[in-house]
Each structure stands twice: as C-alpha cells, then as structure tokens.
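*Asks:* Each protein sequence line maps, in turn, to chains A and B. Here our numbering is used: position 16 in the first sequence is 16, and no number is missing along the way. Here our numbering is used: position 50 in the second sequence is 1050, and no number is missing along the way.
Covered stretches of chain B, going by a simulated chain A footprint (3 or more residues, C-beta under 8 Å):
| id | region |
| --- | --- |
| 1 | 1040-1053 |
| 2 | 1099-1109 |
Simulated crosslink set (PhoX-like; lysine-lysine; CA at most 25 Å straight-line):
| id | chain 1 | residue 1 | chain 2 | residue 2 |
| --- | --- | --- | --- | --- |
| 3 | B | K1057 | A | K105 |
| 4 | A | K77 | A | K52 |
| 5 | A | K105 | B | K1009 |
| 6 | B | K1009 | B | K1071 |
| 7 | B | K1009 | A | K108 |
| 8 | A | K60 | A | K77 |
| 9 | A | K68 | A | K105 |
| 10 | A | K108 | A | K60 |
| 11 | A | K56 | A | K77 |
Label pairs and their in silico Cβ distance ranges:
| id | chain 1 | residue 1 | chain 2 | residue 2 | range |
| --- | --- | --- | --- | --- | --- |
| 12 | B | P1008 | A | K108 | 21 to 29 Å |
| 13 | A | E69 | B | M1019 | 46 to 54 Å |
| 14 | B | R1044 | A | T12 | 25 to 33 Å |
| 15 | A | T20 | B | A1002 | 29 to 37 Å |
| 16 | B | S1067 | A | S3 | 26 to 34 Å |
| 17 | B | S1018 | A | S58 | 43 to 51 Å |
| 18 | B | S1080 | A | D55 | 45 to 53 Å |
If you are wondering where the hints come from, they were derived from the structure by calculation, not from laboratory data. Note that this is a predicted model, so its numbers are computed, not measured. We put the CB at the ideal spot given by N, CA and C, even for glycine.
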Amino acid sequence: GNSVTQMEGPVTLSEEAFLTINCTYTATGYPSLFWYVQYPGEGLQLLLKATKADDKGSNKGFEATYRKETTSFHLEKGSVQVSDSAVYFCALYSGAGSYQLTFGKGTKLSVIP
Amino acid sequence: NAGVTQTPKFQVLKTGQSMTLQCAQDMNHNSMYWYRQDPGMGLRLIYYSASEGTTDKGEVPNGYNVSRLNKREFSLRLESAAPSQTSVYFCASTGTSGYNEQFFGPGTRLTVL
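Full structure from sequences and hints, please.
*Replies:* Laid out in structure tokens, this is it:
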C-alpha cells in the first residue's frame, strides 16, 4: 500500500537558518504530493503541491521538488522565521479511484529568535 | 466564504455518553472526510463521503458512524464514547481538481473521561 515517511522531530532552528524536512514515499503509479502546515491550535493548511515528476511546488518561501527517481519530496526554506514554527505534514494522493490522502506523521518545527 | 467549519471546538464526555460532531463546507465540494489526530500518529482517516448520498470506511472506523446530510454537511457520531476516542477531530473537503487537494476545518478537541 501507500506510505509516507518523514523525518522525526522536533526540529529546532535559529531564525534565518536553512530548513530541510525530508519526506520519502511509497506508492504505485504517479501520485500527487503535498506539504501541509498546522499552526498551533489550528487545522491543516495546504502549503504547496506537485502533481508530476520534476515539478517544483513553492509558496511563502518554501519549496519542494517531486523526485521520482528517489521517491522524495523534501521541504526546504532558505531562511526561516519565528512565524514558521508549526507542524509540517507530507502527504500523497495516488489517484486511480482512491479518495484518500496518505499522511506522514508530521514534523514539529520550532524557530527561536 | 467560511470554508470548512466544525462545531463544537471543545467537548468533554464521560465514558458511554454519545455526541455528534458537526461539519459544514460552503465551497460546493463533492467529497468530505473525517480524520482523527493523535500524538505521534499523524492523521488517520475515520470515514469519508465521496459524494452526497455515499459514505465509506477509512482506516479507523470502529466506534464511529457518519451521516452525509446534504452536499454541505457531514456529521460524525460517537454512540458510546470511550477514553481511546480522546483525540482532535478534523473534517476536510475536496473539490474536483483531480488531485484531491483537501481543505481542513479548525478541529474539535474531544476528551473522554
């Protein structure tokens, strides 16, 4: 079946540091890939997505590239801010009649001034 | 445009009590979902409704029932609450983009004593 593995946290960074959160997946076919963000006390919000191999999703300074050869979708940001402190979830959608998203377990990021 | 709304935001129940969690979306989406979020477990799908008039079990349906009341509303019922159902519950919906980009509500934090 489908699965998503993302690096365990928590991750603590100083403001303006470089961020990478690793995500790898197992799926049949050509899934769509997502990063969601959850700020404290809130629901999940879509951060970015990529729907085919070599696509780069980007939003709010975050980027992730769909790498089919390594089955990865790592999240990066060049300079994090305190306001980026949140839990980040990698997810995939395999299509083919399925209605389910498969989520990773989440990575908590804390950015300190 | 409120997106996905959920009521209540917080609830405390005693073991054996029943309750219904309400969810509504105003985006004219066809599909709706109920998830639970537990520490270290990510999000797990309880039930989903691919379209009005249909419901299907997800990964963890035991102890829950759902009703797709109309296109806008999708409720989750706990008939006899158990401490293992203490969790944060999220409702989500998705349109017809083909990529299953899901929009989430703010969540209901449920404690069962």
